[in-house]
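As they're listed, the protein sequences go chains D and Y. With the first letter of the first sequence counted as 1, position 91 gets the number 91 in our numbering; the numbers rise by one all the way through. With the first letter of the second sequence counted as 1, position 110 gets the number 110 in our numbering; the numbers rise by one all the way through.
Don't take each hint at face value.
Said to hold, decoys possible - Lysine-lysine pairs mimicking DSSO-like chemistry, simulated, CA-CA at most 30 Å apart:
| no. | chain 1 | residue 1 | chain 2 | residue 2 |
| --- | --- | --- | --- | --- |
| 1 | D | Lys56 | D | Lys107 |
| 2 | Y | Lys64 | D | Lys5 |
| 3 | Y | Lys64 | Y | Lys14 |
| 4 | D | Lys111 | D | Lys38 |
| 5 | Y | Lys14 | D | Lys56 |
| 6 | D | Lys38 | Y | Lys20 |
| 7 | Y | Lys66 | Y | Lys20 |
| 8 | D | Lys38 | D | Lys68 |
| 9 | Y | Lys20 | D | Lys111 |
| 10 | Y | Lys20 | Y | Lys64 |
| 11 | D | Lys54 | D | Lys71 |
| 12 | D | Lys68 | D | Lys5 |
If you're looking for bench data, these hints aren't it; they were derived computationally from the structure. Computed from a prediction, not measured in an experiment: that's the story for all the values here.
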Amino acid sequence: DQQVKQNSPSLSVQEGRISILNCDYTNSMFDYFLWYKKYPAEGPTFLISISSIKDKNEDGRFTVFLNKSAKHLSLHIVPSQPGDSAVYFCAASGRSNYQLIWGAGTKLIIKP
Amino acid sequence: GAVVSQHPSWVICKSGTSVKIECRSLDFQATTMFWYRQFPKQSLMLMATSNEGSKATYEQGVEKDKFLINHASLTLSTLTVTSAHPEDSSFYICSASFSAGGEQYFGPGTRLTVT
């Protein structure tokens, strides 16, 4: 049973526009959510996180929104840049341990 | 800060041999280190969690006798793939965590090819 789902395997966005990546989760015990960016043959890079006590966290061009009632979070990138082309993973964790539960990833392609 | 390195970055070995991969936290002490494996076009699969000085906790389906994990210090964990087979060829990534905040810092990964 997939506890963290990223239903869009890929997303194509025009440079300069907003990229919105979505993630759904099923486990209500998750209280910390993270987004990672990954280039081919490299380890993931931490982007931004959000605690369940918040509904929004912003860092530069990246904003993460959390809707606890819908068990949904999204990552907004604005404006999108060519270097943003990568695979984005959503991950979640609970209080009991450090383990992250990962989504399958969404490949973001920024078109010039 | 929070840099994690892996060595080697790429290794080719013959079937039946063993390969050791090192994971180091360079500028912080990692309470916990994780080992992942990534299959093509799939998410990262957690293999095991290791805490310094104690035995690793393996995920279901991961053979602990085949994937030996040693977390000898707060800055070093090793993964040894014993008696490697071609199906073990994959991209292995480690991560380290130093707080209960949930953030993990990842190494660059090791590409293992077993011929």
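The hints, checked one at a time:
1. Lys56(D) x Lys107(D): Cα-Cα ~23 Å, so holds.
2. Lys64(Y) x Lys5(D): Given that 30 Å is the threshold and the Cα spacing comes to 28 Å, the pair holds.
3. Lys64(Y) x Lys14(Y): holds, 21 Å
4. Lys111(D) x Lys38(D): Status holds; Cα separation ~18 Å.
5. Lys14(Y) x Lys56(D): It is violated: about 50 Å lies between the C-alpha atoms, which goes past 30 Å.
6. Lys38(D) x Lys20(Y): It holds: about 24 Å lies between the C-alpha atoms, which stays within 30 Å.
7. Lys66(Y) x Lys20(Y): holds, 12 Å
8. Lys38(D) x Lys68(D): Status holds; Cα separation ~26 Å.
9. Lys20(Y) x Lys111(D): Since the Cα atoms of Lys20(Y) and Lys111(D) sit roughly 40 Å apart, the hinted pair is violated (cutoff 30 Å).
10. Lys20(Y) x Lys64(Y): holds, 14 Å
11. Lys54(D) x Lys71(D): Judged against 30 Å, a Cα distance of about 13 Å means the pair holds.
12. Lys68(D) x Lys5(D): With Cα atoms ~15 Å apart, Lys68(D) and Lys5(D) stay inside 30 Å; holds.
In terms of the numbered hints stated before, the structure departs from hints 5 and 9, listed from lowest to highest.
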